[in-house]
Amino acid sequence: MDRPSCVRSRAGKIPPHNNVDGSVAWSTNTSGKSVIGMTILETGNLVLFGKNNSIVWQSFEHPTDTLLPGQKFMAGQRLIARVSASNWSQGLFYLSVSADGLYAFAESNPPQAYRRYGVTKAKKNGKTFMIFKDGSLSLLWDKSWPGPQGSEQGFPLPSSTQYIRLDSDGHLRAYEWTSEWAVVADLLTEDLGECDYPTIPSSSASPNPSKKKTGGTAKLVGPILGAIFGAFLIIGIFVVLVKKRKVTEEEEEDCFDQVPGMPARFTYEELTAATKNFCTKLGQGGFGSVFMGTLGDDGTRVAVKRLDNIGQGKKEFLAEVVTVGSIHHFKLVRLIGFCAEKSFRLLVYEYMCNGSLDKWVFHKNERHVLDWKTRWNIISDIAKGLSYLHEECRQRIAHLDIKPQNILLDENFNAKISDFGLSKLIDRDQSQVMTKMRGTRGYLAPEWLSSKITEKVDVYSFGTVVLEIVCGRKNLDYSNPEESVHLLNLVKRNGEDDRLHCLVDKHSEDMQLHLEEAVKMIELGVWCLQSDFTRRPSMSTVVKILEGIVDMEPILDYSFLTSYPAIPETEADSGISAPPVASILSGPR
Numbered sequence: 112m113d114r115p116s117c118v119r120s121r122a123g124k125i126p127p128h129n130n131v132d133g134s135v136a137w138s139t140n141t142s143g144k145s146v147i148g149m150t151i152l153e154t155g156n157l158v159l160f161g162k163n164n165s166i167v168w169q170s171f172e173h174p175t176d177t178l179l180p181g182q183k184f185m186a187g188q189r190l191i192a193r194v195s196a197s198n199w200s201q202g203l204f205y206l207s208v209s210a211d212g213l214y215a216f217a218e219s220n221p222p223q224a225y226r227r228y229g230v231t232k233a234k235k236n237g238k239t240f241m242i243f244k245d246g247s248l249s250l251l252w253d254k255s256w257p258g259p260q261g262s263e264q265g266f267p268l269p270s271s272t273q274y275i276r277l278d279s280d281g282h283l284r285a286y287e288w289t290s291e292w293a294v295v296a297d298l299l300t301e302d303l304g305e306c307d308y309p310t311i312p313s314s315s316a317s318p319n320p321s322k323k324k325t326g327g328t329a330k331l332v333g334p335i336l337g338a339i340f341g342a343f344l345i346i347g348i349f350v351v352l353v354k355k356r357k358v359t360e361e362e363e364e365d366c367f368d369q370v371p372g373m374p375a376r377f378t379y380e381e382l383t384a385a386t387k388n389f390c391t392k393l394g395q396g397g398f399g400s401v402f403m404g405t406l407g408d409d410g411t412r413v414a415v416k417r418l419d420n421i422g423q424g425k426k427e428f429l430a431e432v433v434t435v436g437s438i439h440h441f442k443l444v445r446l447i448g449f450c451a452e453k454s455f456r457l458l459v460y461e462y463m464c465n466g467s468l469d470k471w472v473f474h475k476n477e478r479h480v481l482d483w484k485t486r487w488n489i490i491s492d493i494a495k496g497l498s499y500l501h502e503e504c505r506q507r508i509a510h511l512d513i514k515p516q517n518i519l520l521d522e523n524f525n526a527k528i529s530d531f532g533l534s535k536l537i538d539r540d541q542s543q544v545m546t547k548m549r550g551t552r553g554y555l556a557p558e559w560l561s562s563k564i565t566e567k568v569d570v571y572s573f574g575t576v577v578l579e580i581v582c583g584r585k586n587l588d589y590s591n592p593e594e595s596v597h598l599l600n601l602v603k604r605n606g607e608d609d610r611l612h613c614l615v616d617k618h619s620e621d622m623q624l625h626l627e628e629a630v631k632m633i634e635l636g637v638w639c640l641q642s643d644f645t646r647r648p649s650m651s652t653v654v655k656i657l658e659g660i661v662d663m664e665p666i667l668d669y670s671f672l673t674s675y676p677a678i679p680e681t682e683a684d685s686g687i688s689a690p691p692v693a694s695i696l697s698g699p700r
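Using this note's numbering, the first residue of the sequence shown is number 112, and each one after it goes up by one.
Hints are computed from structural coordinates only; laboratory data are not their basis.
Every value quoted in this text rests on a predicted model; they were computed, and no experiment measured them.
Note that CB positions come from ideal geometry on N, CA and C, so glycine has one too.
Treat the hints loosely; a few may be bogus.
[Claimed, not checked] Cβ pair distances, simulated, as ranges:
| id | residue 1 | residue 2 | range |
| --- | --- | --- | --- |
| 1 | Phe455 | Ser195 | 40 to 46 Å |
| 2 | Pro334 | Pro221 | 16 to 22 Å |
| 3 | Ile147 | Glu218 | 36 to 42 Å |
| 4 | Val433 | Asn523 | 38 to 44 Å |
| 5 | Lys631 | Ile147 | 37 to 43 Å |
Construct all of the structure, not just a fragment, from the sequences and the given hints.
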């Protein structure tokens with residue numbers, strides 16, 4: 112979810128979830144803590160926040176029976192199974208993390224451990240925690256002290272959304288969504304020496320000592336036989352799935368050699384050597400890391416992007432390589448080649464030595480402040496690149512994630528558009544297409560709420576970037592006072608008061624010498640931010656305005672400018688794009 116929605120509650124807490132019998136099963140218990148709203152982040156973390164955007168409560172710190180990808184399970188916390196699917200009250204089984212591993216307990220007096228996954232050579236002063244990430248449930252501890260990095264219980268890498276849950280029978284299962292939720296792994300199936308599922312006394316009655324030996328043996332036989340049968344069944348299913356996957360990979364491998372006009376194909380070994388084992392990291396994008404590399408005898412520098420957990424087969428990856436590889440324009444970052452070997456997915460792009468635009472317009476580099484001419488050239492370059500995508504390709508291409516982080520600069524500060532990871536192809540006979548919300552909060556056009564989009568969503572994002580370039584600040588900046596957090600609100604107020612010149616970047620003396628031209632550029636950006644997409648200009652019109660071929664009518668009404676409500680600066684404000692639904696190819700950053 113890119114644009115979190117806020118929900119308010121008079122009591123300052125989320126209304127409790129009740130069981131079928133009317134008893135309270137769950138509540139945030141935040142009454143009296145000045146909660147004014149909540150948001151669900153794209154990670155799945157539910158956050159309640161107060162008046163000063165401070166986090167009052169978040170679900171990732173209060174696990175129930177479920178862990179989401181990236182969520183930490185810390186020592187001292189419990190993962191507690193529910194009674195049943197219809198009863199959310201706490202059941203018999205729970206998990207906890209200690210200094211030497213993960214323990215599964217059955218609630219009794221005292222609690223009985225029935226499973227353990229240990230951390231080898233764990234140190235007593237280590238801060239152990241568990242995290243579900245990248246297809247594995249990992250036990251780790253704080254890196255501030257020397258020692259091994261923990262142990263790992265793996266299960267199939269995700270091809271879609273996953274989560275793990277401690278079920279009411281005491282099993283910790285991994286679920287994955289395909290057409291429905293299905294179990295892909297059971298993480299508490301292996302026996303633990305003398306420990307097996309414990310015998311739990313029913314009700315509160317005291318056990319009969321004379322029947323203890325016979326009853327205990329009888330209760331153990333069933334679970335042991337069930338575990339053996341389940342183990343054989345899981346092994347059989349695993350063997351079938353491995354064979355099927357091998358056949359599929361062989362078929363997909365053949366299709367790579369049947370498509371003409373492909374970019375250069377590299378082996379994983381070649382790219383490992385080109386990047387010197389991925390030693391020089393240039394940056395981190397929404398879908399992976401970018402590394403410096405050199406190719407050929409002449410040592411041509413390239414940017415190698417290693418994609419992480421893209422959830423695609425080779426056929427889908429190939430289709431996107433063909434699409435992006437067929438796009439050639441001097442204002443777009445060029446795809447040189449790719450690698451699709453086993454589970455590895457890498458993309459090789461031309462190297463842009465000055466990195467991304469955000470490092471320069473948001474004053475991350477105080478030694479070099481961009482002058483007016485350079486900023487004008489960058490805006491013109493972006494406009495020309497988008498005009499090509501929208502109007503000059505065989506199919507119109509909506510980029511869907513235009514932002515400063517996706518604009519790269521060469522040694523002469525010429526700008527090129529990168530990161531086609533969220534792109535959407537639009538046939539010429541289509542006026543709109545349906546797609547799920549994607550992109551980055553703060554750059555999203557209003558029509559994303561209806562999921563009916565055109566290439567005009569890029570025009571809206573372009574308008575936001577223009578304002579950021581001229582004003583020298585982010586469109587959402589929580590370091591500013593509350594009334595100045597949103598750049599669009601400032602533009603609206605100053606525009607209505609005929610004071611747009613007050614917004615021009617004050618870090619640059621040269622910008623102050625070109626106030627009149629800078630104000631016209633702000634007005635061009637505002638024109639691109641029309642809430643009605645049909646009133647926004649095309650990118651080819653924007654190019655003509657910049658070149659002085661077409662005049663722009665003055666902006667007389669700023670009332671259409673809208674902005675997002677203020678929420679805490681958390682993961683949603685990190686500038687990371689939402690996970691793509693159907694497309695992952697990303698340019699270097």
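**OP:** Give me the numbers of the hints this structure contradicts, sorted from smallest to largest.
**Re:** 4
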